[in-house]
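Kindly generate the complete structure, drawing on both the sequences and the hints.
Here the protein sequences come in this chain order: Y and H. Quick note on UniProt numbering: the first sequence kicks off at 1 and runs consecutively. Quick note on UniProt numbering: the second sequence kicks off at 1 and runs consecutively.
Rather than coming from a laboratory, the hints here were simulated on the basis of the structure. C-beta: ideal position from N, C-alpha, C; glycine also. Mixed in with the good hints there might be a few duds.
Heads up, simulated SDA-like pairs for lysine to any residue below, C-alpha to C-alpha not over 25 Å straight-line [claimed, not checked]:
| # | chain 1 | residue 1 | chain 2 | residue 2 |
| --- | --- | --- | --- | --- |
| 1 | Y | LYS56 | H | LEU176 |
| 2 | H | LYS95 | Y | PHE115 |
| 3 | Y | LYS75 | H | ARG303 |
| 4 | Y | LYS56 | H | GLU279 |
| 5 | Y | LYS56 | H | ALA281 |
| 6 | H | LYS329 | Y | VAL82 |
| 7 | H | LYS329 | Y | LYS274 |
| 8 | Y | LYS75 | H | VAL229 |
| 9 | Y | LYS56 | Y | VAL43 |
| 10 | H | LYS329 | Y | ASP86 |
| 11 | Y | LYS274 | Y | PRO294 |
| 12 | Y | LYS75 | H | LEU297 |
| 13 | Y | LYS75 | H | ILE232 |
| 14 | H | LYS329 | H | PRO65 |
| 15 | H | LYS29 | H | ARG134 |
| 16 | H | LYS75 | H | ALA281 |
| 17 | H | LYS329 | Y | ARG83 |
| 18 | Y | LYS75 | H | GLU307 |
| 19 | Y | LYS75 | H | ASN34 |
| 20 | Y | LYS75 | H | ASN250 |
| 21 | Y | LYS323 | Y | GLY284 |
| 22 | Y | LYS323 | Y | ASN292 |
| 23 | H | LYS270 | Y | ALA36 |
Ranges between beta-carbon positions, derived for each pair [said to hold, decoys possible]:
| # | chain 1 | residue 1 | chain 2 | residue 2 | range |
| --- | --- | --- | --- | --- | --- |
| 24 | Y | GLN34 | H | GLU241 | 50 to 56 Å |
| 25 | H | PRO277 | Y | GLU80 | 38 to 44 Å |
| 26 | H | ILE243 | Y | LEU118 | 54 to 60 Å |
| 27 | H | LYS75 | Y | GLU80 | 37 to 43 Å |
| 28 | H | GLN118 | Y | GLY90 | 44 to 50 Å |
| 29 | Y | GLN34 | H | ILE243 | 50 to 56 Å |
| 30 | H | PHE247 | Y | GLU80 | 34 to 40 Å |
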Amino acid sequence: MTQEPTSELDSQISGFPGKSLVRAREQLGMSSAQVASELRLSVQQVDAIEAADFSKLPNVVFTRGYIRAYARLVKLDGDELVRQYDQHVGGERQTAPIRTVTRIRPSGSSGPVTFGSLLLLVLVVVGATFWWWQTQYGHDVSAEVSPEPMVAVDTADGETLVFNSAEMEQPQVSEPLLAESVQATGVASAAQVAVTGEAPVGLTEGAATAVDEAQATEAEPAVTQAATAEQTPQPEQTTQPEQGPSESVIATSEGLYLRFSDDCWVTIKDASGKTLFNNLRKAGQELHLKQNGPLNVLLGRVSAISEFTFDGATVDLAPFSNKNVARLRVPVAQ
Amino acid sequence: MFKKIRGLFSSDLSIDLGTANTLIYVRDKDIVLNEPSVVAIRHNGNHKAVAAVGADAKRMLGKTPGNITAIRPMKDGVIADFHVTEKMLQYFISKVHDSNFLTPSPRVLVCVPCKSTQVERRAIKESALGAGAREVYLIEEPMAAAIGAGLPVDEARGSMVVDIGGGTTEIAVISLNGIVYAESVRVGGDRFDEAIVTYVRRNYGSLIGDATAERIKQEIGTAYPSSEVLEIDVRGRNLAEGIPRRFTLNSNEILEALQEPLSSIVQAVKSALEQCPPELAADIAEFGIVITGGGALLRNIDRLISEESGLPVIVAEDPLTCVARGGGKALEMLDKHAFELLSYE
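What follows is the structure, given as structure tokens:
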């Protein structure tokens, strides 16, 4: 705050016109002692001002005040002398322009107006984001909520069935019917019940074990019974219902076959755009779709696919995956 | 939470909420607003609306039709009309912010008279909060005035500051960032105006308004006799005839008119010097007394106090803005260590 003048500045006495104060004082016929008594200062302080020796004077604030009072006493322009003093000690005062209130807003008070406009802006941003999201992913959402999504299911004997999700209920309902038929014949083994019971749900069954069990039951006399029991809950069979177990071994090499090592979302559409499969598969599950190509396949998580074959040929997913999501069309065009 | 977000877009302010003028200092800028503390309210039935604030409203003082009332919401340095003060502050705070997109929510430092009561301080604080401030700090006016005048308040040296405002005169002796002695008298520019009105009525039998009295004070008012005599022509309603009459006043008459309020100020200064510890009194005697505030612009007031006290008296640079600038400097130190400068309820 205090700006003590340096000895260098003291030598530049020409910067502060102390002599003009002396001249004005002498013109009025006053001595420095008289000035000192008028201003209630000491004679040394008055002499220091006249000699521009500001080291003997206090803080710049007081020095400015003394100079102004002295100038007024000897009828000089105090502001000009103070400006020269400021230049001398190297301090320029800057003043910013002062504003005036000239415009009065209408009485509606600014608060709610700005709040309203902010709220409107937020709504617009939220709306735009939602619209963008809808346009980007809206198709998948609508497929997900469509009333009758198609679900493909592998049966124990290697057949691939395509259901509407509403019809998925039917195989479960048919379980008691199946049990009844087994009891009626009294021949069916517990293994058969397990196989046929699982067949409609049939999501986790390994193809090899299914084939083995199917072969095991072949010797049983009740196999035809089981086969007919299987057929009852299957209203829409996309493949031939009459297929031997020997064919089902080959069946794994026909159509699309996927094995999953982790959870993965799969969407499969045929060439006409009809959704054949649209669901999540869990780790260890597999998906076998006995459908002739071409098929459009969307895999939500490529890293979760441990095996991907079409008509027995392994398909390399790397060229189709982008950020772990693969979109491809099988058979792959060479 | 909304105030915090808006606070990001607001500058810190120091407000000298004075009886006569309100000044706002914006941090890292300077004084950006200096307006009279006047609000004009328009009545539409039961609905009230702000018609004008500041200089526009001041021009309306004493000249309003029935449905407009021009109010000075501050009286004697404290709030007289809480809601109008809040409205006025709201206008001023929004005015100093360039952006109108968000309602500003600044941190605000407000100057309060040193002898104001807890209730009066709370009212000022609440009113600033109501006007949109995020946080409100209070500082005593003489401390802000001393900082604004550039006095070495942080040194172990006595400094005496006399801040003559519109409603009050604050006298304080300051050393080491603290107030050693403070006195506040409810005499200021408004009392000078009233004294002039009374003098004119008594001696000329004419009634003049406050605005005219203020103009007389500014143009020819003096606190100490000088060889130079100034004159002014004024018009007032003659009480006997009921007709407006013109008459001429001179500076010696105004000096006579101002004797009573001036002597109150001089008495308060003398009393402060009497109460002051001797070491600090010695410092004051060596360097002098500093006058700030709008009252310091009255001609020869430094001379009067100097003659009466026998000490050197100087008028601060730009005395009208000292308090606001001092508050601004305190605000800039706020984040560091200046809490000792602040005042609490």
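Comparing the hints with the structure gives:
1. In summary, the hint linking Y:LYS56 to H:LEU176 is supported, as the alpha carbons are separated by about 23 Å, within the 25 Å threshold.
2. With a CA separation close to 18 Å, the supplied pair H:LYS95 and Y:PHE115 stays within the 25 Å bound.
3. Of the supplied pair hints, the one linking Y:LYS75 and H:ARG303 holds, its CA atoms being roughly 15 Å apart against a limit of 25 Å.
4. Between Y:LYS56 and H:GLU279 the alpha-carbon distance is near 21 Å, which keeps this suggested pair within the 25 Å criterion.
5. Between the alpha carbons of Y:LYS56 and H:ALA281 the distance comes to roughly 20 Å, so the proposed pair stays at or under 25 Å and holds.
6. Of the supplied pair hints, the one linking H:LYS329 and Y:VAL82 holds, its CA atoms being roughly 23 Å apart against a limit of 25 Å.
7. Distance hint between H:LYS329 and Y:LYS274 is unfulfilled; the C-alpha atoms sit about 75 Å from each other, more than 25 Å.
8. Between Y:LYS75 and H:VAL229, the direct Cα distance comes to roughly 16 Å. Compliance with the 25 Å bound is thereby established for this hinted pair.
9. Taking the CA atoms of Y:LYS56 and Y:VAL43, the gap is near 12 Å; set against the 25 Å cutoff, the hint holds.
10. For the given pair, H:LYS329 sits about 21 Å from Y:ASP86 by alpha-carbon distance, which is consistent with the 25 Å threshold.
11. For a cut-off of 25 Å, the pair hint linking Y:LYS274 to Y:PRO294 stands: about 12 Å separates their Cα positions.
12. Among the hinted pairs, Y:LYS75 with H:LEU297 is consistent with the structure: their alpha-carbon atoms are about 18 Å apart, no more than 25 Å.
13. A C-alpha spacing of about 23 Å is found between Y:LYS75 and H:ILE232, which places the hinted pair at or below 25 Å, so the restraint holds.
14. Distance hint between H:LYS329 and H:PRO65 is unfulfilled; the C-alpha atoms sit about 42 Å from each other, more than 25 Å.
15. Of the pairs offered as hints, the one joining H:LYS29 and H:ARG134 holds, with about 20 Å between alpha carbons and a cut-off of 25 Å not exceeded.
16. Distance restraint check for H:LYS75 and H:ALA281: the Cα-Cα separation of roughly 32 Å exceeds the 25 Å cut-off, and the hinted pair is therefore not satisfied.
17. This hinted pair checks out: H:LYS329 and Y:ARG83 have alpha carbons roughly 23 Å apart, not beyond 25 Å.
18. Restraint check: the Cα-Cα separation between Y:LYS75 and H:GLU307 comes to about 19 Å, which is no more than 25 Å; the hinted pair holds.
19. For a cut-off of 25 Å, the pair hint linking Y:LYS75 to H:ASN34 is broken: about 31 Å separates their Cα positions.
20. Distance check on the hinted pair: Y:LYS75 and H:ASN250 sit about 22 Å apart at the alpha-carbon level, within 25 Å; holds.
21. As the CA atoms of Y:LYS323 and Y:GLY284 are separated by approximately 23 Å, the hinted pair is consistent with the 25 Å bound.
22. Restraint check: the Cα-Cα separation between Y:LYS323 and Y:ASN292 comes to about 28 Å, which exceeds 25 Å; the hinted pair is violated.
23. Restraint check: the Cα-Cα separation between H:LYS270 and Y:ALA36 comes to about 22 Å, which is no more than 25 Å; the hinted pair holds.
24. The given range of 50 to 56 Å is respected by Y:GLN34 and H:GLU241, whose C-beta atoms sit roughly 51 Å from each other.
25. Hint check: H:PRO277 to Y:GLU80, Cβ distance near 39 Å, so the stated range 38 to 44 Å holds.
26. Judged by the Cβ atoms, the range 54 to 60 Å given for H:ILE243 and Y:LEU118 holds: they are separated by roughly 58 Å.
27. Taken as a hint, the range 37 to 43 Å holds for the pair H:LYS75 and Y:GLU80, whose Cβ atoms sit roughly 40 Å apart.
28. The hinted range of 44 to 50 Å is satisfied by H:GLN118 and Y:GLY90, whose Cβ atoms lie roughly 45 Å apart.
29. A hinted range of 50 to 56 Å for the beta carbons of Y:GLN34 and H:ILE243 is consistent with their spacing of about 52 Å.
30. Roughly 37 Å separates the CB atoms of H:PHE247 and Y:GLU80, a value that falls within the hinted 34 to 40 Å.
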